[in-house]
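> Sequence:
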Amino acid sequence: MILTVNVSNSNILLGAYQDDKQCFCSSMHTNLLKSADEYAVQFGSVLSLYGAQPEDISGVILSCVVPSMLACIRKALNHLYTGRIYVAGPGLKTGLSIRTDDPSQLGSELVCSAIAVLADYPPPCVIISMDTAVSITALDNRGALRGGAILPGVKIGVEALCARTAQLPQIDLSAPACGVLGTNSSASMQAGAIFGTASMLDGMINRFAQALGGTPTCVASGELAPVILPHCLHKIYYRENLVLDGLYRLYQKNTK
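Numbering (the working numbering), first residue to last: 1 to 256.
Derived by calculation from the structure, the hints in this document are not laboratory data. Ideal Cβ positions, reconstructed from N, Cα and C, are used throughout, including at glycine. There could be a bad hint or two in this list.
Unchecked claim - List of simulated lysine-lysine pairs, DSS-like, C-alpha gap at most 30 Å:
hint, residue 1, residue 2
1, 256, 75
2, 235, 21
3, 235, 75
4, 155, 256
5, 75, 21
6, 93, 21
7, 256, 21
Said to hold, decoys possible - The calculated label-pair distances, taken between Cβ atoms and stated as ranges, are:
hint, residue 1, residue 2, range
8, 214, 252, 55 to 63 Å
9, 185, 255, 49 to 57 Å
10, 162, 48, 37 to 45 Å
11, 84, 166, 51 to 59 Å
12, 255, 165, 46 to 54 Å
13, 95, 149, 19 to 27 Å
When you get a sec, could you build the whole thing from the sequences and use the hints?
If you want it as structure tokens, here you go:
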């Protein structure tokens, strides 16, 4: 069993793969205050929940975009698995052509997403990650990663709006029943957050398509993607565990 771990600013995802199939996936909140021992206990509990044991692990690969947590998570994983823990980043073979100014600055989760997308979809592609930030990445018609855009995430926008205004309320991130024409403050904020983000994605896809010189295949992942994508005009495929799928493929590229 190969254990894949994706540490993002908001969540930590654990996924296990056996014979090229995902056995389970679990999510927990990222907590900078937890110790390695606490994470080890939590990871072990996840394994037990799905009927697995540390002895079942034959390999581990990790992606971490929170530098201050990397050592902690590696130490936690070492409690479960004493072999080499592969870390997505410089030094691992990706098979991916990265045509940016400084490939070392590219987030490992974006590289993993690109690997997973190219395995299942024809280029050119636009990859959308909707987490704390919204990352949009372009793959050209040869599958080379050409660059992208980073925008504030939906939650960040709503939290900033509430914090910097005196009378706007906290809202649930869901589309209002009244549609795009909000009939009260809460509904108007929901309309802006949901339909505004969907419109932003549609507009960015149009611009990316123009830059790439073709109609791209669009693939999205992230916690809020299922909330936003139904309101987009473009066809966008949703992949719940895109980064974990890419991590598994990256592990295979470096162990076979």
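> Does each hint fit the structure? Answer for all of them.
Now for the hints, and whether the structure bears them out:
1. 256 / 75: 25 Å, holds
2. 235 / 21: OK: residue 235 and residue 21 at ~26 Å, within 30 Å.
3. 235 / 75: Violated, at about 41 Å.
4. 155 / 256: 40 Å, violated
5. 75 / 21: Holds. Residue 75 to residue 21 sits at ~27 Å (cutoff 30 Å).
6. 93 / 21: 22 Å, holds
7. 256 / 21: Holds, at roughly 17 Å.
8. 214 / 252: 55 to 63 Å: Given about 29 Å between the Cβ atoms, the range is violated.
9. 185 / 255: 49 to 57 Å: 54 Å, holds
10. 162 / 48: 37 to 45 Å: Hint holds: Cβ distance 39 Å, inside 37 to 45 Å.
11. 84 / 166: 51 to 59 Å: 54 Å, holds
12. 255 / 165: 46 to 54 Å: 52 Å, holds
13. 95 / 149: 19 to 27 Å: This hint holds: roughly 24 Å between Cβ atoms.
Hint compliance for this structure: hints 3, 4 and 8 are broken, all remaining hints hold.
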